[in-house]
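> One letter stands for each residue in the lines below.
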Amino acid sequence: MKTMLLAFCAVIGIAVIAYFGLHAVGFGAAESTASTAVRLPD
Amino acid sequence: MIRAFIAGLVICLLALSARAQDVPAPDRSATGGAQTLADILARQDAQKIDDRFRRDNIGDPAAGDTTQPLGTRGGQSDPDLWRALRYDEADVTTQSRGPAGDVLIQDGGMRWLKFRQGPLVTYGGYLLLGTIGLLGLFYLIRGRIRIDGEKTGRTITRFKAIERFAHWLMGGSFILLALTGLLSLFGRKFIIPVFGHDSFAILAVASKWVHNNVSWAFMIGLTMVFFMWVLENIPNRHDLKWVAVGGGLLKKGVHPPAKKFNAGQKVIFWSVILLGSSISVSGLSLLFPFELPMFAKTFAHLNEFGLPQFFGLGELPAVLTPQEEMQYAQLWHAIVGFILIAIIIVHIYIGSVGMEGAFDAMGNGEVEEQWAREHHSLWVDEVKAKQAKAQTTAVE
Ligand code: HEM
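Top line first, the protein sequences correspond to chains L and F. Just so you know, we're using our numbering here: the first sequence kicks off at 1 and counts up by one. Just so you know, we're using our numbering here: the second sequence kicks off at 1 and counts up by one.
If you are wondering where the hints come from, they were derived from the structure by calculation, not from laboratory data. Every value quoted in this text rests on a predicted model; they were computed, and no experiment measured them. Ideal Cβ placement from N, Cα and C applies to all residues, glycine included. Heads up, a few of these hints could be off.
Taking lysine-lysine pairs in the DSBU-like style, the calculated list, with each CA pair at most 30 Å apart, reads [to be verified]:
no., chain 1, residue 1, chain 2, residue 2
1, F, K241, F, K114
2, F, K386, L, K2
3, F, K208, L, K2
4, L, K2, F, K260
5, F, K266, L, K2
6, F, K160, F, K389
7, L, K2, F, K241
8, F, K114, F, K48
9, F, K259, L, K2
10, F, K384, L, K2
11, F, K160, L, K2
12, F, K384, F, K151
13, F, K151, F, K251
Now the stretches of chain F that chain L is said to cover, found in silico as 3 or more residues with beta-carbon under 8 Å [what the hints assert, rightly or not]:
no., region
14, 41 to 54
15, 212 to 220
16, 361 to 369
Cβ-Cβ distance ranges computed for the label pairs, FRET-style [as the list claims (entries may be wrong)]:
no., chain 1, residue 1, chain 2, residue 2, range
17, L, L22, F, P193, 30 to 38 Å
18, L, L6, F, L127, 27 to 35 Å
19, F, D107, L, C9, 45 to 53 Å
Go ahead and model the full structure; you've got the sequences and the hints to work with.
So, in structure tokens, the structure goes:
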């Protein structure tokens, strides 16, 4: 059971890391399809 | 293998949704080759029309110089240009750097939206409800599958901590992904009418966050599980016997022999691996919009293979706009997702309430020896033989 809870915590941990990681690489549709000449909504 | 599987499923899907019929090309001499009333009526009737007479009729910029009557566009008139835009044949240059930025018109959107809000929601929903209903019925008839023999009080280690960790990494994330995925698909139809737009907006944003980011945990868990359990999931001759007696699930006291995983579990394993990978790949394609198009290529391979033609679907479109690629990715992701969710509902049932003693295998990793003898007799023999050998070497 301890392993199960550990795995569930890892799910959350990986998700948070992924969130910051993905933003660092600029993955969103808005970011990946816009040129620098386009202003994105803040 | 995965490709072939995807191919098969695509074909089935298209076969189900194909209502269009081929009609002979009408005589267009009266309109000088342009659309006729018959074309328009056929289109309104959702019949399949060979549209090459319009698609290919986009003028020729190279023909005629710019001083000729057609003017500055050379051998291309305005209608030619509009048709070129309409069929994504125009040479468009834009400032927008996105891959889809130079497609000014694409007409797959309505078809996609209707399919997503119609058959996808309806049949997907019935699939899940039907699965739950059948399990309920199974429970009423068969009840909980008990350990038939006398319990020994001894336990055997079935899964190591790392195996349980990987299972729950994959399982925990999958459940979150399934719930948030279903929420995004069904929310508009079922949640907005009850709770209103404002509450759903919060739910939808949260769902999207969870769905996008938790997907990585699932992919990591899936990879770990694959490498740890693949060897034990290769089919063998015992599986035939197991299937022949329905795994002994239907009748008390029937226990076909099995090694570490029985045929039923192998089906679960391979479904999770194959469908899970397919969902992962199409999911990545959705997560990185326009970066990983894969349907036009797959369709081209299928056409070469002759599979769609065999099913009377004609050739699948081998040229797709970036938006259409995304539309197919979404539908594929959702369809395969529904199938795997249905399979996993059955798995969760049998791994918890459905069978006495099963949950311990993934709970603390230790199973009752009698449970193991009834469901995995050959595996118990292997474990015992190994233990005996270890003991004799220790004594020596
Ligand atoms: C609450 C949810 C779940 C429960 C209670 C559960 C329970 C179990 C148990 C007890 C086993 C070991 C069976 C044995 O001893 O042989 C197992 C194995 C397995 N589980 Fe789960 N599981 C859950 C969710 C999931 C999910 C969501 C997935 C995949 C997305 C998954 C994939 C697998 C696979 C591939 C195996 C190995 C093959 C098999 O035994 O069928 N499980 N699970």
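> Indicate, hint by hint, whether the structure satisfies it.
Okay, the hints, checked on the actual structure:
1. F:K241 - F:K114: With a Cα-Cα distance of about 45 Å, the restraint between K241 (chain F) and K114 (chain F) is violated, given a limit of 30 Å.
2. F:K386 - L:K2: 28 Å, holds
3. F:K208 - L:K2: 29 Å, holds
4. L:K2 - F:K260: Status holds; Cα separation ~23 Å.
5. F:K266 - L:K2: Holds, at roughly 26 Å.
6. F:K160 - F:K389: Holds. K160 (chain F) to K389 (chain F) sits at ~21 Å (cutoff 30 Å).
7. L:K2 - F:K241: 37 Å, violated
8. F:K114 - F:K48: Holds. K114 (chain F) to K48 (chain F) sits at ~17 Å (cutoff 30 Å).
9. F:K259 - L:K2: The hint holds at about 27 Å.
10. F:K384 - L:K2: Holds. K384 (chain F) to K2 (chain L) sits at ~27 Å (cutoff 30 Å).
11. F:K160 - L:K2: 12 Å, holds
12. F:K384 - F:K151: Answer holds: K384 (chain F) to K151 (chain F) is near 17 Å, not above 30 Å.
13. F:K151 - F:K251: Holds: K151 (chain F) and K251 (chain F) sit about 19 Å apart, inside 30 Å.
14. 41 to 54: violated (count 0)
15. 212 to 220: Since 7 is at least three, the answer is holds.
16. 361 to 369: Since three or more residues must qualify, the claim that chain L covers the region 361 to 369 of chain F holds, with 4 doing so at under 8 Å.
17. L:L22 - F:P193: 30 to 38 Å: Because 33 Å falls inside the window, the suggested range holds.
18. L:L6 - F:L127: 27 to 35 Å: 33 Å, holds
19. F:D107 - L:C9: 45 to 53 Å: Holds - the Cβ-Cβ distance for D107 (chain F) and C9 (chain L), about 47 Å, lies within 45 to 53 Å.
The structure shown violates the earlier hints numbered 1, 7 and 14.
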